[in-house]
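Take these sequences, add in the hints, and give me the full structure.
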Amino acid sequence: MKVSLNLVKKFIDLDGLSVEEIAHRLTFAGVEVESVESLASGTNLTVGQVLTCENMPDSDHLHLTTVDAGKHGVLHIVCGAHNVRKGLKVIVALDGAKLPGGTIKKGKIRGHESEGMLCSLLELGVDSKFLKEEQTKGIEELPEDAVVGDDNVLSLLGLDDVILDLKLLANRSDLYSVKNVAKEIETLFERKANITPSKDPKNANLAFKVGSETERCSQFSARVVKGIQVKESPEWLKDALRSSGIRSINNIVDIGNYVMLLTGQPLHMYDMDKLPKEELIVRDDFEGDFVALDEKTYKIQKGDVVITCAGKVMCLGGVMGALECAVDENTKNVVVEAANFDFASIRRTSIRLALSSDSSMRFVKGINPNQYDEVENLTAELLKELCSAKEIGEVHTYLAGKYQPRVVETTSEYINGRLGTSFSHKEIVSALERAFIKVEDDGKKLVCHIPDHRIDITGEADLSEEVIRILGFEHVDSQLPSLKASVGALEENLAKKRVVRSFLRGIGLDEQLTYSLVREKEIKDFALLNKEEAYKVMNPLTDEHEYVRINLLPSLMNVLTFNLNHKNENLAFFEVSDLFSGEGKRHSHLAVVLAGNDLRRSHLKGEAYSFYHMKGVVGGLLKLFNIDEKRYSFVRASVEELHPGKSANVKVDGKVLATFGELHPVTLKKYDLNTNVIVMEMDLDVLFSVRTSMKKMEEISKFPSVKRDFAVVLKDEVSAADVIQEIKKVNRELIKAVDIFDVYRGEHIQKGMYSLALSVTISSMEKTLTDAEISAVQDAIINALALKFNAELRK
Amino acid sequence: MELIKKVEELKNEIIAKIKEAFDEPSLRLIQENHLSKKSPLNAMMSHIKELQGEEKASFGQAINNAKKEIAEFFASKEKEISDKKIQEKLEKEKIDITLPSIDYHMGGINPFYQIIDEICDIFTSMGYQVKEGPDVETDYFNFERMNIPSNHPAREMQDSFYITNTTLLRTHTSPAQAHAMDEAKGQPLKIICPGKCFRRDDDDATHSHQFGQVEGLVIDKNINLGNLKATLELFLRKMFGEKREVRFRSSYFPFTEPSVEVDISCMECHGKGCPICKGTGYIEILGAGMVHPHVLEMSGYDPKEYSGFAFGIGIERVAMLRYGIDDIRKIYQGDVRFIEQFKRM
Chain A
1 MKVSLNLVKK FIDLDGLSVE EIAHRLTFAG VEVESVESLA SGTNLTVGQV
51 LTCENMPDSD HLHLTTVDAG KHGVLHIVCG AHNVRKGLKV IVALDGAKLP
101 GGTIKKGKIR GHESEGMLCS LLELGVDSKF LKEEQTKGIE ELPEDAVVGD
151 DNVLSLLGLD DVILDLKLLA NRSDLYSVKN VAKEIETLFE RKANITPSKD
201 PKNANLAFKV GSETERCSQF SARVVKGIQV KESPEWLKDA LRSSGIRSIN
251 NIVDIGNYVM LLTGQPLHMY DMDKLPKEEL IVRDDFEGDF VALDEKTYKI
301 QKGDVVITCA GKVMCLGGVM GALECAVDEN TKNVVVEAAN FDFASIRRTS
351 IRLALSSDSS MRFVKGINPN QYDEVENLTA ELLKELCSAK EIGEVHTYLA
401 GKYQPRVVET TSEYINGRLG TSFSHKEIVS ALERAFIKVE DDGKKLVCHI
451 PDHRIDITGE ADLSEEVIRI LGFEHVDSQL PSLKASVGAL EENLAKKRVV
501 RSFLRGIGLD EQLTYSLVRE KEIKDFALLN KEEAYKVMNP LTDEHEYVRI
551 NLLPSLMNVL TFNLNHKNEN LAFFEVSDLF SGEGKRHSHL AVVLAGNDLR
601 RSHLKGEAYS FYHMKGVVGG LLKLFNIDEK RYSFVRASVE ELHPGKSANV
651 KVDGKVLATF GELHPVTLKK YDLNTNVIVM EMDLDVLFSV RTSMKKMEEI
701 SKFPSVKRDF AVVLKDEVSA ADVIQEIKKV NRELIKAVDI FDVYRGEHIQ
751 KGMYSLALSV TISSMEKTLT DAEISAVQDA IINALALKFN AELRK
Chain B
1 MELIKKVEEL KNEIIAKIKE AFDEPSLRLI QENHLSKKSP LNAMMSHIKE
51 LQGEEKASFG QAINNAKKEI AEFFASKEKE ISDKKIQEKL EKEKIDITLP
101 SIDYHMGGIN PFYQIIDEIC DIFTSMGYQV KEGPDVETDY FNFERMNIPS
151 NHPAREMQDS FYITNTTLLR THTSPAQAHA MDEAKGQPLK IICPGKCFRR
201 DDDDATHSHQ FGQVEGLVID KNINLGNLKA TLELFLRKMF GEKREVRFRS
251 SYFPFTEPSV EVDISCMECH GKGCPICKGT GYIEILGAGM VHPHVLEMSG
301 YDPKEYSGFA FGIGIERVAM LRYGIDDIRK IYQGDVRFIE QFKRM
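Residue numbers (the working numbering), protein chains in the order written: chain A, 1 to 795; chain B, 1 to 345.
A hint or two may mislead.
List of simulated lysine-lysine pairs, DSSO-like, C-alpha gap at most 27 Å [unchecked claim]:
no.	chain 1	residue 1	chain 2	residue 2
1	A	K605	B	K92
2	A	K669	A	K623
3	A	K484	B	K92
4	A	K108	A	K98
5	A	K98	B	K278
6	B	K304	A	K445
7	A	K484	B	K304
8	A	K231	A	K496
9	A	K669	A	K567
10	A	K231	A	K2
11	B	K92	A	K585
So the derived label-pair ranges between C-beta atoms look like this [as the list claims (entries may be wrong)]:
no.	chain 1	residue 1	chain 2	residue 2	range
12	A	K524	B	D202	23 to 31 Å
13	B	D201	A	P100	27 to 35 Å
14	B	D201	A	G149	52 to 60 Å
15	B	G241	A	D742	53 to 61 Å
16	B	R322	A	G619	32 to 40 Å
17	B	D202	A	T43	51 to 59 Å
18	A	G616	B	G241	39 to 47 Å
19	A	Q479	B	E183	25 to 33 Å
20	B	D201	A	K277	42 to 50 Å
21	A	K630	B	E93	46 to 54 Å
22	A	K702	B	E93	38 to 46 Å
23	B	D202	A	P276	32 to 40 Å
24	A	G73	B	D202	53 to 61 Å
A short, non-exhaustive set of chain B residues, derived as facing chain A with CB atoms under 8 Å [what the hints assert, rightly or not]:
no.	residue
25	T98
26	P100
27	Y113
28	C120
29	Y162
30	Q210
31	F211
32	E340
Since the hints were derived computationally from the structure, they do not count as laboratory data. Glycine included, every Cβ here is placed at the ideal spot set by N, Cα and C.
Shown next, in the form of structure tokens:
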């Protein structure tokens, strides 16, 4: 809301208050002044008169002039404007003048002395939307009666206004009224505003029927005014509108806007002679086409508030009038409407039809329900004064119910208690009274009568806010609450996710955050774990963010592509996020992507990330959550996007915990990737729900342990896990560990076979084993492997 | 005495040889020839039998002194040679210590999580519980329970992503408050709720259709605005430095009354005014207020008996201020050169 300080000054004396003071105080009281603007600016300006004007000999558009600048002397000025001429009164920017475009300095133009500049209003920073076309093309032509040497040029032009751009809070719709802004200043600065009610200029009895057939209209007033003249508005009205960012059209339209600006009440004016009947009835049951003022046709639905006359729609309530009864330059008689409609209906209609205006906005935010008489009177006064209205009828009002002023009871203890302040009873009462609240005070209870314009004050808590914003938040005593001591903690799922995240960062993976809304393709592709339905957004902004994701990998694939495109080549990153499926379920997932080289493996070279790196990530997490290796297994996965020979599902207690593996060559091609990529998606809910018992220390043998290394040749289809399991079975008491240290295929090994090099740790809890006892274990292992897998000891 | 003179000559001869030794083998050779039992100096000992009295004593002493002196020279030479050898070895083994290391490193953390984790740590240390609400909410929890009925003008401020007519992506973390209050069943509450929120904003440098918030809520008897101020002072000073001043400005949220915007003195200029705080000396950091009595009522608390305060802080804004991030989209893009700048234990 742009508020002209010149307009505010009509209602309250601002002498002695700086603009900065006003802006600061308003802002802290919740009326944020976003910016302070001026309509035009310029220093060192004066009124001059052109004494001589000749064309510059070597130029097709420049003129050499001498200008009488009164006390500033006669100046030589080069001017390029087409309309400069002898005798013209002009705005002169003197040497050193600061204009929005820069500083004016004496100098030479094409060798000719120039001691200043003759200005257009554009050069003083006036927005072109407020200027006539000829004003934008040449220098400003001042009126004949302008006094040469008068330095108050901006004031002479009505451009000396300061505009406060207010960012109003949703509850302070009362401030879409300049009079109420003046009242707010009265409240905050304790200086009296001069706001007197308008007189009713009624001079005739002019019958008119008003009514409503819908609950969506609580009040509807109309007054007939006859014999008006539509013409240009006077300068003061144009200035007032211009300062508020509104263009002047003609006196009748301008009056409507001006009254709305002052009171916050939107008006509508009908050309009386175009109405088929002397009546206006509010309805909400109309359906069909409606041709509005903007000459466009809109579809009206049931539920839209319409104002009808003889069954025809004359106005879309609060939104826009009909073309057929619009006021124009030939209008003689008008009906002035001031009404109050249900803001939710106006909001729905204006959003649906994409029609919003200063009027509909005010209805939507809420208007003062009890000022229609004042509004009608103010309008009629202006119609009489500016449009020479001859006959002014009485105000006809429909009311759905009697207006009930609001009364809220409170106590000063309540207010101090809520605020943490120690204001005296008297201070609190006086603060409330400053907000135009009438307080009945019996020494304890405060019965507060809320002024009509403050529709936001409905309860005790609102009164506490009034008190503190008026008296100042610096009075709030900062004091920690005295609460019972309690153990602070993250909820279990959140705490566990944090453990996972810290672990992964600890092993060098970067933690990512991506958008939860994804495109359709990202629901279908890389759906490694979750195959549920996904939520679809009804009103997405772009197809890029249309679905609520159900897996994380698709998002991380985008991150991968982004990084590879930016030449970040060795990548290890993850994201942990909760997912919300269309089946109403919540899942906590982890996804990991590894690509390029692991630079931790050896100096300067690194090692290409492989299936086994990701298996290590999974294994690390299983160990972190203390899950015994007997409870999980890695089984081959069959997933379209992954390499069938290099991918696995991890199952814990029979449930799939994670799917991971290297990307299928076809996937690599599809995503245009030229590097090794290993991905994993894990269902953290499965990980977190595994029940494990409290960890107990395992006894470590006091006696030496012995390692025996050997290699066996096996058929390709025998897996390492099977071999390890078989070895452990041989003697669970003495065999402490089985480690694999090499896998070899090639020379000296038959095709279809491979060599597995093992290191077996043997030790007893009771004694130091003899060589013979150790060899017996080793022989038993070799025999068992020969028997089970046909394995041969490699010599 | 002739014999003593001989010893002296022999000693000088041996010392000269030791001095000439240049490596381990030459030293060993000297040891074998001149320092063993069969050495000429040792052989001189046989002459002792020929001497008597004082002469015998001084001759014996001369030999011993000579031996001692030789041993000292030898030891010193031996050390010199071994030092030289070690020196040569070290010289040979010298590496370029400026070559890059093997790359052990902590993974980077998205600053979004850095901030959330930090806020959670501060509040858990003050005894708060941390709970996450769901991203997908009913309009009942997202709006109604936050005192925003369907015809409320505040719904206009929050243009939302709807999934059905009654389900949407939450527009703030505040509904998590309502869930927490329902669970607390009228008992005092001290909680923060971090999470993701969504609004129908086009993405640009300062707007994002997805963003994070942390919501805080305390409900008990006799909670007041001063308690909110003290709590936020504690939190914001931990977060932004002990010297931060905290101030309130009047504001409006449907679910709090009074409502305030909370500013902190600028961490760049300490209140003097600079481009970061747009010359005001203060930076808007979060919104807060006293829980609206109607919100308490809807959540099973008697507003005559209980009161509470609530606050909500934007995660990205804090991250952007703290780290000077100029474009919110960088937080969601995933460039590892960005992420790896941030580490957290």
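Range agreement (Cβ of B:E93 with Cβ of A:K702, hint 38 to 46 Å): Since A:K702 and B:E93 have Cβ atoms about 40 Å apart, the given range 38 to 46 Å holds.
Interface restraint verdict for B:Y162 against chain A (beta-carbon cut-off 8 Å): Result: holds, 5 Å to nearest chain A Cβ.
Given hint B:K304 paired with A:K484 - CA-CA distance at most 27 Å: Holds - the C-alpha atoms of B:K304 and A:K484 are around 20 Å apart, at most 27 Å.
B:C120 as chain A interface residue, shortest Cβ-Cβ below 8 Å: Holds, about 6 Å.
Hint check for B:D202 and A:K524 - Cβ pair distance inside 23 to 31 Å: Holds - the Cβ-Cβ distance for A:K524 and B:D202, about 26 Å, lies within 23 to 31 Å.
Hinted pair A:K231 and A:K2, Cα distance within 27 Å: The given pair, whose Cα atoms are some 26 Å apart, holds under the 27 Å limit.
Supplied contact hint for B:P100, tested at 8 Å Cβ to chain A: 7 Å, holds
Interface hint compliance - B:Q210 to chain A, C-beta minimum distance less than 8 Å: 5 Å, holds
Hinted contact B:E340 with chain A - closest CB pair below 8 Å: 6 Å, holds
Hint consistency between A:K669 and A:K623 [alpha-carbon to alpha-carbon, up to 27 Å]: This hinted pair is violated, its Cα atoms lying about 35 Å apart.
Straight-line alpha-carbon gap B:K92 to A:K585, limit 27 Å: Violated, at about 66 Å.
Restraint check for B:K304 with A:K445, where alpha carbons must lie at most 27 Å apart: Roughly 16 Å separates the two Cα atoms, so the pair holds.
Checked against the numbered hints given earlier, the structure breaks hints 2, 3, 8, 11, 17, 23, 25, 31 and satisfies all the rest.
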